[in-house]
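Trainee: If you want the building blocks of each chain, they are given just below.
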Amino acid sequence: MYKILSKEVLSNVVKLMDIEAPHVARKAAAGQFVIVRIDEFGERIPLTIADYNREKGSITIIFQELGKSTIQLGKLNPGDSLASFAGPLGHPTEIENFGTVVCMGGGVGIAPIYPIARALREAGNKVISIIGARTKELLFWEEKMRAVSDELIICTDDGSHGRKSLVTEPLKEILDNKANTIAKVWAIGPAIMMKFVTLTTKPYNVPTIVSLNTIMIDGTGMCGGCRVLLEEGAQFVCVDGPEFDGHKVDWDNLLSRLSFYKDEEKLAVEHYEHKCRIDGATVKGRE
Amino acid sequence: MAELKPAERMKIKRHEMPNQDPVVRSSNYEEVALGYTLETAKEEAERCLQCKDPKCVQGCPVGVLIPQFIKALREGDMVTAVKWMKVKNNLPAVCGRVCPQEVQCEGNCILSKKGEAVAIGRLERFVGDYELSQRTCPMVKAPKTGKKVAVVGSGPAGLTCAVDVAREGHDVTLFESLHGPGGVLIYGIPEFRLPKSVVHGEISYAAECLCIDIKTDHVIGRSFTLDELLSDFDAVFLGTGAGLPSFMRIPGINLNGVMSANEFLTRVNLMKAYQFPDYDTPVKLGKKVAVIGAGNVAMDAVRCSQRLMSLEAKKTGGSPGEAHIVYRRSKDEVPARAEEVHHAAEEGVIFDFLTNPIEILGDDKRKVRALRCVRMELGEPDASGRRKPVEIKGSEFDMEIDTVIMALGTNPNPIVFVDAEGLERTKYGTAVADNETGRTKKKRVWAGGDVVTGAATVISAMGAGKRAAADINKFLKGEAAWE
Ligand SMILES: Cc1cc2nc3c(=O)[nH]c(=O)nc-3n(C[C@H](O)[C@H](O)[C@H](O)COP(=O)(O)OP(=O)(O)OC[C@H]3O[C@@H](n4cnc5c(N)ncnc54)[C@H](O)[C@@H]3O)c2cc1C
Ligand SMILES: Cc1cc2nc3c(=O)[nH]c(=O)nc-3n(C[C@H](O)[C@H](O)[C@H](O)COP(=O)(O)OP(=O)(O)OC[C@H]3O[C@@H](n4cnc5c(N)ncnc54)[C@H](O)[C@@H]3O)c2cc1C
Ligand code: SF4
Ligand code: FES
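Going line by line, the protein sequences match chains P and H.
Reminder that position 232 of the first sequence reads as 232 in the numbering used here, one-by-one numbering, no gaps.
Reminder that position 365 of the second sequence reads as 1365 in the numbering used here, one-by-one numbering, no gaps.
Just so you know, the hints here were simulated from the structure itself, not pulled from any lab data.
Check before you lean on any hint, since a few could be wrong.
[To be verified] In silico lysine to any residue, SDA-like type, Cα no more than 20 Å apart, as pairs: (1) K1365/H <-> L229/P; (2) K262/P <-> D1364/H; (3) K1141/H <-> D1234/H; (4) K1367/H <-> D240/P; (5) K1272/H <-> E264/P; (6) K1365/H <-> E264/P.
[Stated by the list, open to error] So, partial list: chain P residues that the calculated Cβ filter (under 8 Å) puts toward chain H: (7) K27; (8) G74; (9) K75; (10) P78; (11) S81; (12) S256; (13) F260; (14) E264; (15) L267.
From a predicted model like this one, the values you see are computed outputs, not experimental measurements.
Note that the Cβ used here is the ideal one computed from N, Cα and C, for glycine as well.
Assemble the whole structure, with the sequences as input and the hints as a guide.
Mentor: As structure tokens, this is what we get:
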């Protein structure tokens, strides 16, 4: 069992937790992920390693409450334990001094972009960061991002904070500005955002790394459920990724595969909420 | 029973295995084969001739002491039967259920030449089940040696190696990347063929008797590399199996509704999708499922599909749907265990032999709509001696299908080989290891089971685990140098 050491509410649907998992912490690096299972009944859900503390043997996860599993996870508190915590999985981000780079985080994607931006800055890059969310309440880590960026741009869809625009708008302006030579772009966020980021950078030929969040089961290369179509053929996100050259990804295929279990996911939430209400006692053990 | 003469023994008919009714079982997940009673088991044991030169044992990859355990069983001395069994086999309740007995012990049994072999597998299962409930615990740990052994992968190969090494008094740590031990036995083979309680029972029992430390959620190659293990342990055994699925190289494999058998079986068995939404992991099937391939994996996938569709139909009142096996060779070449093919047919599975898929067709929502196939005929024998299937020109046709499950075989997962300099592998990704000792090309590293042979059988993996354990024990005692 893996103990929850601390918990923080970052926005109304985004939460942070430190989990005790020394076997993951000893090797964890930016860009990698873990597979979490809450209890005996739980799914294996992939979550990015947002940070780690080797001395304490802990891993920081940040998650957005979307469906049954993440809602249930969000109800847990320090002292509670998780049934499984496997990792670190996937390849770490390749960090070098590239020159000037852009780091983009959309929604909960701000969490995994943070350690990447920090590492890039430490490696000597000039880091321009763009973070965005639908609305102000969903934004977090503005100050942390500012501390590791040479320049920080904030966008919200509704203009409640920062600039009222999608993250791709300021990106385009940066790319158009002749004073900048952008060596590389990182984008993490909803698939649709990453798709449009790659469409934006494509005409400028700027290499763009995305971190794909496909549906996963084992997370160790055993099921093939996480496969994506790239120009060179199908690849497994959990072992070949999770980072890929965004210009090679077949986004429409990815988007349609992500929505395959929509109905079942809805059913799972309904079932969970129904049980919580009607029969709180028996569900207790599961919370 | 009084002592019988061989002629009398040979007159006794082989005892049928009582099975759940096919109509009932095709919509539940309970075990199909119900097992012998003590009475039937003793009567079946009477059929054994106690051959001086028992051919059955030669057919068994781990050399189970078959005549000995059968004799004890026939005398009703279960404790002794268990003792004989456990000399060679630490997972009898598993093997009795999943071994291809017809080509191993039973295939070699002298009685099979003239009639029907002794039902060795069913007797083995009976003895295994007895021990699971009684725990007479004949496996004892020798005094501590202070030596440490890491076993990577908790399938049949790893479990067997761990048990045989732990018996000698070494400290054994078993690393498993999934959240539970058992390998294919828990994530692949379904409950109705091998109840998970049996697998968990046999594993936890052995681990308790022999103080084996099982560390789940540890992915070797990531959490620890092989080289790191070697600095902490005196010996390392790799039994990581062959879990990496292959997909056919045909158009349409990334459509929604195409899965590997591994994904499907893992959702259903390990994650219990057949109990969704009480368990959180779903699995989605339509009304017409095509499973491509005809090995044990394909049979398990098709029978799980049939059950899921029947369960769904029971809930919603619709029709139970169709589950197909699509196989490019003929019935005679089917590699699955005979009993499973028979059970599948009884449960209503449709077999499309001499049929090869060439394309998966999708609808406007990128969801599978049909499987384009071509008919095949058998030509000249190929290198394997099997007649090679060749396409019949112009015989293309479309099968209306909404789910395609690929059961085409698997390769070793490469993660364990990360930072394992010097560990030689073949072009198929399997580890190179000596067949007799399990030694790899890397010092103090042994390997066995599917990671060496490619997908094979439970018992052959156990055999490899046993041979490696014997060599590890010798090595740790200083009786066999590495050179
Ligand atoms: C490598 C990797 C790293 C990830 N890191 C994080 C992270 O750090 N923080 C975080 O909040 N999430 C992360 N995710 C996504 C996270 O795994 C899913 O949000 C989670 O599994 C949803 O589970 P659920 O049961 O709560 O919701 P579900 O009921 O499964 O889904 C609810 C809704 O979310 C959508 N959805 C489901 N799974 C995904 C997915 N994998 N990606 C995008 N949308 C999905 C569904 O279409 C549905 O609309 C990561 C995914 C991957 C593959
Ligand atoms: C669906 C199905 C049905 C089958 N039916 C039969 C049958 O009826 N009869 C029969 O004899 N055989 C059957 N087989 C084949 C048989 O199950 C295998 O040959 C056997 O399980 C191989 O054993 P193994 O110990 O080598 O590997 P596995 O059972 O594959 O176990 C390997 C274990 O290693 C773990 N692992 C992998 N990589 C790592 C890593 N890097 N770190 C830590 N752990 C790792 C895996 O998670 C797994 O638990 C079937 C196989 C399948 C898939
Ligand atoms: S070969 Fe058959 S009859 Fe002879 S000992 Fe073995 S099981 Fe008994
Ligand atoms: S999640 Fe199973 S192969 Fe990637």
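Trainee: Compare the structure with each hint and give your call.
Mentor: How the hints compare with the structure:
1. Proximity of K1365/H to L229/P is assessed by CA-CA distance (about 17 Å); at most 20 Å being required, the pair is judged to hold.
2. A distance of roughly 17 Å separates the Cα atoms of K262/P and D1364/H; the hinted pair therefore holds under the 20 Å criterion.
3. For the given pair, K1141/H sits about 18 Å from D1234/H by alpha-carbon distance, which is consistent with the 20 Å threshold.
4. About 25 Å separates the Cα atoms of K1367/H and D240/P, which puts this hinted pair outside 20 Å; it is violated.
5. For the suggested pair K1272/H and E264/P, the alpha carbons sit about 14 Å apart, so the restraint of at most 20 Å is met.
6. Taking the CA atoms of K1365/H and E264/P, the gap is about 17 Å. The hint holds against a cut of 20 Å.
7. Against a cut-off of 8 Å between C-beta atoms, the interface hint on K27/P holds, since the closest Cβ of chain H lies about 6 Å away.
8. The closest approach between the C-beta of G74/P and any C-beta of chain H is roughly 15 Å, which is over the 8 Å cut-off, so the hint fails.
9. The interface hint given for K75/P is broken, as the beta carbon of that residue sits about 14 Å from the closest beta carbon of chain H, more than 8 Å.
10. Hint on P78/P is violated. Least Cβ distance to chain H is approximately 21 Å, over the 8 Å limit.
11. This hint is violated: S81/P has a C-beta 13 Å from the nearest C-beta of chain H, more than the 8 Å allowed.
12. The interface hint given for S256/P is met, as the beta carbon of that residue sits about 4 Å from the closest beta carbon of chain H, less than 8 Å.
13. Among the interface hints, the one on F260/P holds; its C-beta lies about 5 Å from the nearest C-beta in chain H, closer than the 8 Å criterion.
14. The criterion of a C-beta within 8 Å of any C-beta in chain H is met by E264/P, whose closest approach is roughly 4 Å, and the hint holds.
15. Restraint check, L267/P versus chain H: the minimum CB separation of about 6 Å is within 8 Å; hint holds.
Checked against the numbered hints given earlier, this structure breaks hints 4, 8, 9, 10, 11; the rest are met.
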